[in-house]
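Undergrad: Chain residues, written in single-letter form:
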Amino acid sequence: AQSVAQPEDQVNVAEGNPLTVKCTYSVSGNPYLFWYVQYPNRGLQFLLKYITGDNLVKGSYGFEAEFNKSQTSFHLKKPSALVSDSALYFCAVRDMGSNYQLIWGAGTKLIIKP
Amino acid sequence: NAGVTQTPKFRVLKTGQSMTLLCAQDMNHEYMYWYRQDPGMGLRLIHYSVGEGTTAKGEVPDGYNVSRLKKQNFLLGLESAAPSQTSVYFCASSTHRDGSGNTIYFGEGSWLTVV
Chain A
1 AQSVAQPEDQ VNVAEGNPLT VKCTYSVSGN PYLFWYVQYP NRGLQFLLKY
51 ITGDNLVKGS YGFEAEFNKS QTSFHLKKPS ALVSDSALYF CAVRDMGSNY
101 QLIWGAGTKL IIKP
Chain B
1 NAGVTQTPKF RVLKTGQSMT LLCAQDMNHE YMYWYRQDPG MGLRLIHYSV
51 GEGTTAKGEV PDGYNVSRLK KQNFLLGLES AAPSQTSVYF CASSTHRDGS
101 GNTIYFGEGS WLTVV
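These protein sequences, in sequence, are chains A and B.
Sequence positions in the first sequence follow the numbering used here and run 1 to 114.
Sequence positions in the second sequence follow the numbering used here and run 1 to 115.
Calculated from the structure, these hints are not laboratory results.
If you're wondering where the values come from, they're calculated on a predicted model, not measured in any experiment.
Among the hints, erroneous ones may be present.
Some chain B residues near chain A, calculated using beta-carbon distances under 10 Å [unchecked claim]:
id	residue
1	Gly-3
2	Val-4
3	Gly-109
4	Trp-111
Think about it this way: if two alpha-carbon atoms lie no more than 27 Å apart in a straight line, the pair counts; the simulated BS3-like pairs of lysine-lysine are [to be verified]:
id	chain 1	residue 1	chain 2	residue 2
5	B	Lys-70	B	Lys-9
6	A	Lys-69	A	Lys-113
7	A	Lys-49	B	Lys-57
8	A	Lys-109	B	Lys-9
9	A	Lys-113	A	Lys-77
10	A	Lys-49	A	Lys-22
Pair by pair, the computed Cβ-Cβ distance ranges are [said to hold, decoys possible]:
id	chain 1	residue 1	chain 2	residue 2	range
11	B	Thr-20	A	Pro-79	41 to 49 Å
12	B	Gln-17	A	Pro-79	46 to 54 Å
13	B	Gln-17	A	Asn-17	44 to 52 Å
14	B	Ser-67	A	Pro-114	46 to 54 Å
15	B	Val-50	A	Asn-30	19 to 27 Å
16	A	Asn-41	B	Val-115	19 to 27 Å
All C-beta atoms, glycine included, are put in the ideal place defined by N, C-alpha and C.
Take the sequences, apply the hints, and build the full model.
TA: As structure tokens, then:
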């Protein structure tokens, strides 16, 4: 079965430190992978995606993600965290067997402390 | 830059009441979606539409109906609300199917409580 997991409900990082939000997936075939961010009381906003090509993908607000096929992971990273990065982050993967419907992770709450 | 607009933003319903959530997009997108978001469960697709006059079931369609009479509007109806339908509802739109690689644009959400 196709699935995506975000193993951490919450990640706490001090401002200025690097951050990582983890995502692992299980799909048949080649995955399309996405990261979205949700700020409080707002809708989700697109951050970045991996379709093909370079395993390191750069996105909005200084975020990047690395596609690792052998580990079936697509972790979100940022070299230096800002307090304004505090939000809920969702990983999603394309389900090859369901008319290309996206499967969403449960979300990881990122808290950046000053 | 309106993008995707949802109304109402907040609503409290009594069990058994009906209501309609309205979604409007001004980006001329073909595809529109209704998701529900529950704590610890991410987003689950309720219904979607691939164009004006079309609708299709998603992952959790029971208890909901939808209509897409105009390309820019996608309505979500609850005929007889139940407490299990207490959730945050998000409308979204895109130029292609949500998993094709194109960006999905979301509304700001509608908070529904059924008591």
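Undergrad: Now tell me, hint by hint, if it's right for this structure.
TA: To see whether the hints hold, each was checked on the structure:
{"no.": "1", "hint": "Gly-3", "in the structure": "9 Å, holds"}
{"no.": "2", "hint": "Val-4", "in the structure": "7 Å, holds"}
{"no.": "3", "hint": "Gly-109", "in the structure": "6 Å, holds"}
{"no.": "4", "hint": "Trp-111", "in the structure": "9 Å, holds"}
{"no.": "5", "hint": "B:Lys-70 / B:Lys-9", "in the structure": "21 Å, holds"}
{"no.": "6", "hint": "A:Lys-69 / A:Lys-113", "in the structure": "32 Å, violated"}
{"no.": "7", "hint": "A:Lys-49 / B:Lys-57", "in the structure": "26 Å, holds"}
{"no.": "8", "hint": "A:Lys-109 / B:Lys-9", "in the structure": "23 Å, holds"}
{"no.": "9", "hint": "A:Lys-113 / A:Lys-77", "in the structure": "17 Å, holds"}
{"no.": "10", "hint": "A:Lys-49 / A:Lys-22", "in the structure": "15 Å, holds"}
{"no.": "11", "hint": "B:Thr-20 / A:Pro-79: 41 to 49 Å", "in the structure": "46 Å, holds"}
{"no.": "12", "hint": "B:Gln-17 / A:Pro-79: 46 to 54 Å", "in the structure": "50 Å, holds"}
{"no.": "13", "hint": "B:Gln-17 / A:Asn-17: 44 to 52 Å", "in the structure": "49 Å, holds"}
{"no.": "14", "hint": "B:Ser-67 / A:Pro-114: 46 to 54 Å", "in the structure": "48 Å, holds"}
{"no.": "15", "hint": "B:Val-50 / A:Asn-30: 19 to 27 Å", "in the structure": "23 Å, holds"}
{"no.": "16", "hint": "A:Asn-41 / B:Val-115: 19 to 27 Å", "in the structure": "21 Å, holds"}
Checked against the numbered hints listed earlier, the structure breaks hint 6 alone; every other hint is satisfied.
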